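If you read the sequences in order, they're chains A and B.
For the first sequence, position 32 (counting from the first letter as 1) is numbered 24 according to my numbering, and the numbering increases by one without interruption.
Numbers in my numbering are just positions in the second sequence, counted from 1, shifted up by 250.
Hints were generated in silico from the structure; no laboratory data involved.
Keep in mind it's a predicted model, so treat the numbers as computed, not measured.
Even for Gly, the Cβ is constructed at its ideal location relative to N, Cα and C.
Careful: at least some of the hints might be erroneous.
[As the list claims (entries may be wrong)] FRET-style restraints, in silico, Cβ to Cβ:
hint : chain 1 : residue 1 : chain 2 : residue 2 : range
1    : B       : Glu327    : A       : Ser879    : 37 to 47 Å
2    : A       : Leu438    : B       : Ala584    : 51 to 61 Å
3    : A       : Arg137    : B       : Glu327    : 53 to 63 Å
4    : B       : Lys532    : A       : Asp527    : 50 to 60 Å
5    : A       : Glu339    : B       : Gln568    : 36 to 46 Å
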Amino acid sequence: MTKAVNSKRRNFLKLSGMTAALVASQSDLFAKTAVMSIENGKSSYPNAGYTEAMYRNEFAFTYGKKEEHGFAFHCVNCQGNCAWEVWSHNGVVTRENQSARYPAVNAKIPDFNPRGCNKGVQHSQVMYQKDRILYPMIRVGERGRGKWKRISWDAAAEKICQNIFDTMTDPDRGPEKLMVHAGTGLLSESRRGSVLRFSTQLGANRIYPSSYLGDMFSGAAIAYGEGNVGCTWDFMYNVNTAVMWGGNPSVSRIPDAHFVWEGKYNGTKVIVITPEFNATAKSADLWIPVKAGSDNILAMSVINVILEQKLFKPEFMKIYTDLTFLVDVETRKLIRRCDIEHAQNEEERHKYEEEFYSWNEAKKEPAVMPGTKGSSVHSLRLGEHGIRPALEGTYEMVDVYGNERTVTTVFEMLKKSAADFSPEATKEITGVHPDTVVQLAKDIALPKVVEITTGFSLNKYFNGIMTIWNIASICGLTGRMGPYGGLNTENEFTLSGLEALSGFNGKYAPRFGSGFVSEFMRGSGMDTFRRYFGDEDVRRAQNGMSKDEYITVVEELLVAGRNGEVNNESEHGSVAKPWWLPTTALIVADSTFRRNKGSEYRRAFLNRMDFYAYVDYRMSEAAQFADVLLPAKSHYEVYDLRTSPGYHRFTNLAQPVANIKNIGEAMDEWSMFTFLAKKLEEIANRPENIGKAKVKDDKRYAKPGYHDLTIFHQEYTNTDKESRANGEARLGTDKMAVEAALENCEQYEPWTMEKMYKAGGFLQINEKAAKSSPLYSDRPYSSMEYHLYRFEPLDTLSGRQTFYVDHDIYIRMGAATNTGMEGIRPNNREYPYVLMTPHARWSIHSNYKSSRTLLRLQRGVPAVALNRVVAEKKGIKDGDTIRVFNSLGEFYAMAKLSSSSPADGLVMEHGWEPYMYKFNKGHNEVVPVSLNLLEMADGWGHLKFGALWDGNQYAYDGAVNYEKASV
Amino acid sequence: MSKRQLAMVIDLNKCIGCQTCTVACKTQWTNRNGREYMYWNNVETYPGTGYPKNWMELGGGFDTAGDLQPGIIPNLETDYGVPWDYNYDALLHGGSFEPNVEPTWGPNWDEDEGAGVFPQDNYFFYLPRICNHCTNPGCLSACPRDAIFKREEDGVVLVDLDRCQGYRYCIAGCPYKKIYFNPKISKSEKCILCFPRIEQGLPPACAQQCVGRTRFVGFLDDKDSQVYKLVHEYKVALGLRTDYGTQPNVYYVPPTESPAKFDANGKIIEGSTRLPIGELEKLFGENVHHAIRTLRSEMKKRQETGESELMDLLIAYQHQDMFRLDNNYYRKVAKDKGGYALAPVDTRYIAGKYTKESHTLYFTEDRDDDIKRHRK
């Protein structure tokens, strides 16, 4: 017993090496002085100097020398992107302090300082934490059993590159079976480029992170032909109404949340729509506790009110939306020019397919609308064409075959669809009182500037695509765009010239697979789907389609996407979601077994993978199961740059502290992949290999028709003949890459690393970063001004905001225009709770989840916030271990009894590595996988597979129950 | 009384509970040397048990007659929480990853839990706490060694680590339980208001690094400082539990913002607030009524006219303007004591009653001078 206490105490007092040195230098700490007479310690004290000197020394130690400070940002997937000044002592990082030197954009708008958060502020602790990967290691036992052997960098490179070479040159495998992928633990413009470059050069497979993470704004893509719309966050300061729909910026947008609350002091009405009561809701003007997953129906209810009470803006709608376009009443198809007119040739026919009509009230006849994809007019101005489009009415047209067609407007179709969603009708399903819906509709429609920020939780539901599309349509009906606000998903700026790092001037192109579909296939998702969802679940979520029929349809779509074959044959862009099943993988900073849903993913993935190497600075779940591990440097040990996405207009610099002491044998990714490239080139040039070292590939991925591995390192570093002749920037280290980026990206002009360092670790991007609006020097950015003021078409099929998609699947799903759909989550008494796992306050996905510093500020183990009343009824006390379960699986966590959780829901911050749970069972054990046909649909107008149009892996579709655990 | 008093104002409407302050403080001071369990800065969810657990019920402070009240020293395991560690080795070598001590209590245990009936009237807000650097410190009065003092120049309360014998009466005496026993050196330690940072031109870590921009730091006798204006002019910043009689120098803008309540049918109760006024009165005293009235009327004025100096102050357009550290004053103090003045490492926050903005340039030249003097 005594022994146990002692060991506890020892741990309690454990010191880092750094601290020990500090204490040793202050041995007089324990000195006692002689008797001293103190008159009144409140006004003067004779011995102040001793203590003052001690703390001053301690501060001096952590601060180090100013000229030795580094700068950094944390290139993880919070997208916060904050400038930090990194303090050091003798090459060891002591702590970090925000740089806080961003210049004010406008004297009457709060500035962006001191940008940062609770996680960024402790990277200095994590970088020396004992879960760092220090050396290259090779697995010597079974996968995941923790048996490793330390090897040299050379031996590790040999092992990895031999596997890459064998895969590439095997006639049965080739680049298709190779995956080289960087996850979201490495999101930056410079460092990430190293992995992407390597991947592209090989023709290896990689997938879209936003899709597999369920962070893709597919609903916004439908509406605007662009998912990343919205504003820099300082815009929030001057809006009349700020709606946080499914979002909680005080927790998951920490550096920018102040703009919301300063905006509130400035007169903004803040509305929060979330099932749970959270850190943002607590200070809002109006909190709307919507039932989990019914957001799209609430949005339809708002549309209903806007239409019923005529709160919409008809003149805006006529110009900037497709609401006036004509639709065949019977077939529900849009009337295209090719339906009405014969084309002279194939090229013209294709154009006619992308031209549409409105009813011109000026001439009482249909008019072909300018500005659509197929139109020769690239403007939305109607006046000069004498068009006054009708929003309403039913008309007759004669088609190319001489048949009469009864047509109506998209607006009429929308009205019909919205009619079912009166606030009274939706009350039961959304849990929102009708008066509140009306209030919400008015708060959105009436003021001058309204910004609706959508949270990432919305895409985590099966029908999230409809939620965001419906919210976008609310904005379209109320004229919200540019300076008047609108939908705010996540703004992005234009950065050009960065393909100099990851690209090859078109010589090689990346082999992109769909994120959500690839992961579904890799984890044998269909087995999980079949097992978990019932016929009634599918019918409810897919417009009455039976489970069997759904599976048939999905399987056809999956076959079409296999190995990208059907897309390769298509003339006008993608028609399916492509996917590959690689057998050799090199993965960087992606905790893939943590984030993928369902209990089967890891097993299925590993079964298929012959060889799997992993690169990271820390031991994630993905690292534990690798065959070879490579140690990467972390954010304070490298040179790097980051601008994206576009919450602000600054590009941050990473530059290590002076004389930084290397941690283990960690290498920065540019040096690491250059080293691997060298090894691969060496292997390719060996006599037994050289004959097969030119690896054939489809011209879509390799313009010359092959990848020449004998000059792989030369091409990678731009030292091959061709690149040298073209004057391409030499590459090879993290620092070289930053220099190349600063030279090549015109939005970074005229900055250099030295200037960035002097300014405080950042640069301000110039006006060329403007994408769909000007980047004014003294105003926050808000997208789509060019559309509004210059009548430039959007990148949609109609050139306008889309309210109508006549893709066959959309028509079949009853979703050709906005509608409300219930989710796929089983609806039964046995499993009455929804498990909500929103973005975390205490981690960025799994990044920093294992931080001792941060875990001590939580419960130390995974914890679930339960509704206090419900939990008490179940006999559960705060701190109890509970078992959360459904037919898929179970996990254990600590109960937090909360007044902030709804009675029908469990709230748990996501990102916990499975190894942090009892029995290594993560919470994704109870989360099913599925594919929404609306996101599977492809090959329509602007909805063709790519960075804009993929889909989402969902996370909130499992229904669960819980009980007090007996473990 | 010290000659001048440095003070902090924390705006609870703007606090988002992110704990960047807590962690900034930890890496600046308490991640080492026996301080691991201490949170000189913590943020608690109110209502809740707080940190250390139920600190408001642990005694200390003074009664109305000015007599020091008895108090209880919190227990590490049950009241502060053991700073558990993890077996990180297991991640590499197999075995399950777990804390070395079963977590049963910690400094943020009841985060976001709040009180009330979901969704009708449940509520919470955040209450960040540091040492109040009281004008009449309970810890100082309780110390049998007279080893706690207020710095003459700025009123920062420090434990004399030379003379402290670790008797721990100070912990009982502090009604805020913001002084801690360091088991490694057997002495008490506490928040030092980052005086070494302040002297060199950097605001306290918790304040400078607050991303919610909730904390103002300055001298209470500096009429140009935000703390003066908020505390004395507008009277919207109030001490916490001033009924303890210690005259705290950390002030709070009380929370006024909360969404309306719902009735049993889910209908909005117009004009209602979730923040019970009785609770706010308990925390901030009777003056909270006046403060809330002022805040509400100024917010309304801002909304209607676009004007309000109080809102301008609380919005704080430029982060650097939230701090007035009066560097010239500190340099003078140092020189008067016969020492050498530390040059500021940063010149953004140094303005103050005795330091004009134009001093910035002067400092950069002066710095070399100081260094030369030091070498002599």
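Quick one: are A/Glu339 and B/Gln568 within 36 to 46 Å, going by C-beta? Because 58 Å falls outside the window, the suggested range is violated.
Do the beta carbons of B/Lys532 and A/Asp527 sit within 50 to 60 Å of each other? 57 Å, holds
Just tell me: holds or violated, for the beta carbon distance of A/Leu438 and B/Ala584 against 51 to 61 Å? 59 Å, holds
Assessment of proposed distance window 37 to 47 Å (beta carbons of B/Glu327, A/Ser879): 40 Å, holds
When you take the CB atoms of A/Arg137 and B/Glu327, is the distance between them in 53 to 63 Å? 35 Å, violated
Checked against the numbered hints given earlier, this structure breaks hints 3 and 5; the rest are met.
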